[in-house]
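Colleague: Letter by letter, the chains look like this.
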Amino acid sequence: MSTLQERTREYRELFHNLAAKVKEAKEVEELHQLFLGRKKGYLTLLFEELKNLLPEERKSAGKALNEFKEEIQKLLTELEEKCQTQKPVRLVEDLTLPGKKLYWGSPHPITLFQREIERIFISMGFSVEEGPEIETDYYNFEALNFPPHHPARDSWDTLYINDKLLLRTHTSPVQVRVMEKKKPPIRIIIPGKVFRRETPDPTHLPMFYQVEGLVVDKGITFAHLKGTLEYFLKALFGEKIKLRFRPSFFPFTEPSAEVDIECIVCSGQDSNCRVCGGSGWKEILGAGMVDPQVFKNVNINPEKYSGWAFGLGIDRTAMLAFQIPEIRYFYENDLRFLRQFNRR
Amino acid sequence: MKISYAWLKEFIDLNISPEELASCLNQIGLMVESVEKNEGDTVYEIETYANRPDTLGHLGVAREIATLLDLLLKEKKWPLVELDEPTSDFIDLQIMDGQLCPRYCGLVVKGVKVGSSPEWLRKRIEAIGLRPINNVVDVSNYVCFSLGQPIHTFDLNKLNGAKIIVRKARKGETIRTLEGSLVELSPEMLVIADEARPVAIAGVIGGEESGITNETRDVFIESANFNPVSIRLTAKKLGLSTDASYRFERGADINAGPLAALMAASLLCGFGGRVSRGLLDVYPNQKKTKTILLRLKRIAQLLGVDIPADFVVKTLTGLGLRLKEQQKNVWAVEIPSFRVDLEREADLIEEVARFYGYDKIPSEVTPVKSFELPSDRKRERIWRLKEILFHHGFDEVINFSFADPEKEKIWQTGRNPIQLKNPISSRSSILRTSLLPGLMENAAWNFNREAEGVHIFEVGNTYFWEEEDVHKEKLNLGILTTGIRETQTWKEPKKETDFFVLKGAVESLFSYLAFDWRSFESANHAFFEAGQGLQILLKNEPVGYLGVLKTAIARSYQFELPVYCAEIDLSVLLDRQPKSFTFTAIAKFPRTSRDLSFLVDANIFYREIHRQLQKLNVPYLEGFEVYDRFQGKSIPPDKVSFSVRFFFRHQARTLQTEEVDRSMLDILSQLKSSLKIQLR
Chain A
1 MSTLQERTRE YRELFHNLAA KVKEAKEVEE LHQLFLGRKK GYLTLLFEEL KNLLPEERKS
61 AGKALNEFKE EIQKLLTELE EKCQTQKPVR LVEDLTLPGK KLYWGSPHPI TLFQREIERI
121 FISMGFSVEE GPEIETDYYN FEALNFPPHH PARDSWDTLY INDKLLLRTH TSPVQVRVME
181 KKKPPIRIII PGKVFRRETP DPTHLPMFYQ VEGLVVDKGI TFAHLKGTLE YFLKALFGEK
241 IKLRFRPSFF PFTEPSAEVD IECIVCSGQD SNCRVCGGSG WKEILGAGMV DPQVFKNVNI
301 NPEKYSGWAF GLGIDRTAML AFQIPEIRYF YENDLRFLRQ FNRR
Chain B
345 MKISYAWLKE FIDLNISPEE LASCLNQIGL MVESVEKNEG DTVYEIETYA NRPDTLGHLG
405 VAREIATLLD LLLKEKKWPL VELDEPTSDF IDLQIMDGQL CPRYCGLVVK GVKVGSSPEW
465 LRKRIEAIGL RPINNVVDVS NYVCFSLGQP IHTFDLNKLN GAKIIVRKAR KGETIRTLEG
525 SLVELSPEML VIADEARPVA IAGVIGGEES GITNETRDVF IESANFNPVS IRLTAKKLGL
585 STDASYRFER GADINAGPLA ALMAASLLCG FGGRVSRGLL DVYPNQKKTK TILLRLKRIA
645 QLLGVDIPAD FVVKTLTGLG LRLKEQQKNV WAVEIPSFRV DLEREADLIE EVARFYGYDK
705 IPSEVTPVKS FELPSDRKRE RIWRLKEILF HHGFDEVINF SFADPEKEKI WQTGRNPIQL
765 KNPISSRSSI LRTSLLPGLM ENAAWNFNRE AEGVHIFEVG NTYFWEEEDV HKEKLNLGIL
825 TTGIRETQTW KEPKKETDFF VLKGAVESLF SYLAFDWRSF ESANHAFFEA GQGLQILLKN
885 EPVGYLGVLK TAIARSYQFE LPVYCAEIDL SVLLDRQPKS FTFTAIAKFP RTSRDLSFLV
945 DANIFYREIH RQLQKLNVPY LEGFEVYDRF QGKSIPPDKV SFSVRFFFRH QARTLQTEEV
1005 DRSMLDILSQ LKSSLKIQLR
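Those sequence lines, one after another, are chains A and B.
With our numbering, the residue at position 51 of the first sequence is 51, and numbering never jumps.
Quick note, our numbering runs 344 ahead of the 1-based positions in the second sequence.
Isolated chain A (complex conformation) (with noise of 0.2 Å):
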């Protein structure tokens, strides 16, 4: 049998002869397996021998055994180097080229719109409420207020099914259907489609969305009507929008207010201004405070508690947002135009 010293001899050997015929980086691994390997390694073998040596052999077999090992380590870190600068690199031959486009379809602006409103409102504690788009008389109209020969509730302004049921003109119902499940507090919103007679033309279309707003509790104050408008629009329309309440007429709300913004386009520049024709405002909202006989229709105490109101036409604050001049864009579906919806 020959000697540990002779055999580390020819394993250099060995060594050196496959090592020169290394081309690619696997086979660096392979060798260093094949030598240095774990458990069946040839050197890692050789050094299990060295424990059957008598004390002053091993000492110099041991120091020949690592410098081998040393050697080795060295020239397969060499070879693997190598290996990697050899490997061609792909090389992109027109980086100027455009780029390969992933079509993400994109939300109807209508729904964008509503979610931004939403989201602005969820962030301040209200939740989402919804209902029938086909209403009955009494929550569409009596339950709110309207006198029996108003002139919305005639056949010139509101669609009707047949005497009992009708396209609800305004989410309003939803307010009444929620005040009759509930008791205060409540603190809502109510998106969603709803429907006029109305002959189409630029701003006007028999269908279009809406979002109300609805606050009851004891000590609700129009004060915290106007704070909460004025956080809703500036959040909505940027925090350096002028705003303006003024008294109006509505039969669910006493006392009743419209809400102007400063015009986004011209800020009452222009006084040939397409958006609001000069006046420098543009009406936004309906608002109030619940009147007394919606809340006594409902069997909630106006004496006890209070609240507020508001409603926008989500269509045509889109409009003025998106400075879309036709409200029959949104229902069109010109791919060119939803499509740059994308953006937003």
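These are calculated hints, taken from the structure and not from any lab test.
Just so you know, these numbers come straight off a predicted model, no measurement behind them.
It cannot be assumed that every hint is accurate.
To be verified - Derived DSS-like pairs: lysine-lysine, alpha-carbon spacing no greater than 27 Å straight-line:
1. Lys100(A) with Lys704(B)
2. Lys580(B) with Lys296(A)
3. Lys296(A) with Lys515(B)
4. Lys932(B) with Lys26(A)
5. Lys932(B) with Lys164(A)
6. Lys74(A) with Lys39(A)
7. Lys218(A) with Lys641(B)
8. Lys722(B) with Lys182(A)
9. Lys704(B) with Lys183(A)
10. Lys816(B) with Lys234(A)
11. Lys181(A) with Lys816(B)
12. Lys704(B) with Lys182(A)
13. Lys304(A) with Lys847(B)
Got chain A; can you put chain B on it based on the hints?
Modeller: Below, chain B without anything else, positioned relative to chain A:
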């Protein structure tokens, strides 16, 4: 309503500029829509409200401005040149319907010289956008736009039998109006008649034959009050909206009649007229004065600001209300008859707020006392479904809820549509029973406008009669894809959409919704070509369908390309609780895959193969996927080739090659017996 600055000055000593007046009007809610200046006057177009008929005359607007600016309303005298004879000598009045005509005042003016109006009167009439006609007609317009009380003037000598009868029209009666058109009256309409025929449609318009002409000498002035609802219905039915009907249908002041008659008569005296003695005034059931209790405390509670008591008293008094203090800061408020809108305490608080100024009310945060958990996550889940569809490249559309019954017939939705009683047009006379006709319309529209591919969806309600008298609103999701999906680029050729683009999106939706058990079953559907439709089942309940649209339907939209569409009932899906989500441990040991290509009879659908693959009982099999389907020259014509990749894994160790080999043999033998497969 047009308001003239100069005219207002007849009632108040205005001490502000026309520009300042405009902002005053805005503050109190009489919104100025436009301003016009001419001949030294300023005319405002103001927005008025249905419940504020008192602002339909200059007096009412002057009263508001006077209150705001602490001015006094001027008292005007209306002197008369009187005849000896009492009014009843000239005219005999009978009111047959006191319900529809609660008050009727009249005066006769004899010897009026009809002619053109003097300069000052012409200016007033022109200021409010009317054309001066003659002094008598101009006077009645002047009175109407001063007081908001419409009056009518008759040629006394053309009233047969010198009679005025206030009655309902008789069947078949007609009248030629002042506008010159012949109007057919119906029996619910109130008319003013003489002995022989109707001479005016009460509160709406006068008759031509009894009207004022240049030959008129003697005038009968009518200054009456009519039932608002009756006037509104009559005007609507006749399609006639006049300055008179506009005011009466909003509720004119029951007590304005005498003053209006007096004012008109006095002005006619300026044209040589002499007035009958004593106002004719029939007012049998006097209206009681309304009284409302107002608490200062309540004003603060509702508005969120303390308004001083003296401001409240000053404002309401200025508006013509009478306040009697019941106890400290609690008043019984008497409402004048011209304020038909004031009914409750809240209405009075609004008056106080209006004049206090909405801009002076502070802005505060609406307090939150508790937070509520949302009752369900439905809306978020709908949004997530939409996001999945955006990701699959579908654009969202929103269509009208109305549908064309002719178009819906082509689709045969199988649902009983809801008809509108008063649709805007016959082409939108029903409510849609499916979302797909709308989506098809969108596809056709866009292909006519440069589009080469349309991939869209809509989430919205469909409507139908579930039973007679039981209507249903169902939230649906409609999806449609047709044409080019990816246009050609320098890198890749163009790609057309196909059925599996649609199906992939539908599968993603259901995978998000995480329902345990759903399947696609072949089903014939009226929308789809024979054998080209699938039904989506949840347990055994159908929740939607998808397929290849019938060519005949697409053609009816002049559409030739294949169209793939799906409609899913979201109301059912969102009502169900999805399986709750928990994390699945990530496998520690590597998986091994093996491919298998085989032939089966050409009439076998993949679904059958899938079913058999799912049934396989083989150790370590983790899953499989089909990666090729082929029919063609290299294989027998009655066969189809499928290639399936199988995945194997052991949870606790690395699999040995031999173990996987054994499992593959197992699979092979099981498929040979169940599907009669042949290896390729």
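Colleague: Which hints from the list above does the structure break, by number from lowest to highest?
Modeller: 1, 2, 3, 5, 9, 10, 12, 13
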